[in-house]
Amino acid sequence: MRTSIVNLRLRSSVRTSTLMIRSHSSVKGHRMIDPQTSTQQPLSVRQSSSDLQVPWFVQDHHLVPSPTQPSSTIGGSLADTPLPPSTLPSNVSDNLSLLHHHLVQSPFFDQSSITFIDAKLSKGHEAWTDWVILVNLRYDRENSIRAATESIRYLISSLGLTNEPIRVEGINHSTSSPTTAWSFIDCGKFVVNIMTERSREVYNLEAVWSKKYSI
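For the sequence shown, UniProt numbering assigns the number 1 to the initial residue and increments by one for each residue that follows.
Fair warning: there could be bad hints in the mix.
[Said to hold, decoys possible] Label-pair ranges, simulated between beta-carbon atoms: (1) 139 x 163: 14 to 24 angstroms; (2) 93 x 154: 15 to 25 angstroms; (3) 121 x 143: 34 to 44 angstroms; (4) 201 x 94: 24 to 34 angstroms.
The hints are simulated quantities; they were obtained by calculation from the structure and are not laboratory data.
For each residue, glycine too, the CB sits at the ideal point set by N, CA and C.
Produce the entire structure from the sequences given, and follow the hints as far as they go.
As structure tokens, then:
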């Protein structure tokens with residue numbers, strides 16, 4: 001009887017020792033992994049790698065194209081640098097030369113879009129004014145058509161560029177939408193059309209006048 005009890009205790013002791021050895025070996029095995037030979041780098045190390053690609057939606061916001069930065073996606077196409085202003089016809093008056101200078105210098109307008117059409121050379125009912133002026137808003141100013149129109153109206157009025165009443169169409173201080181695509185300033189002897197690039201393509205006002213004399 002006593003021998004049986006001793007045998008049971010011995011077996012139990014051996015079993016416990018075996019479990020402890022296995023457990024210790026498992027823990028020891030994990031501790032002995034050499035980080036220098038492991039192919040698995042810590043996340044912090046991998047993230048600091050110089051070849052880590054920055055997602056498109058968190059790239060530097062100041063890299064958004066501006067009128068002087070290259071782009072080929074805004075408005076369909078955009079030159080690397082702003083195009084030069086159009087050439088002013090040689091037969092314009094000094095008043096219109098001053099207006100042209102203002103349009104070129106204004107932050108509202110695409111200076112390469114400025115077009116002066118000699119309407120006196122047009123035929124038929126179109127020739128009710130001497131000059132038709134077309135100008136596009138810059139792509140980043142297309143919600144500023146009211147301010148752009150007022151800047152031209154104020155210039156014409158303050159400098160006395162016309163002796164006739166100035167009539168403005170397309171904007172209304174109380175009801176017009178900020179997304180209005182076309183405004184019109186009638187100064188009698190000349191008219192100014194202020195448009196978005198899209199509206200100018202759609203309405204194609206150049207086709208109303210003699211293309212031969214447009215620039």
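Would you list, in rising numerical order, the hints stated earlier that this structure does not obey?
Of the numbered hints given earlier, the structure breaks just one, which is hint 1.
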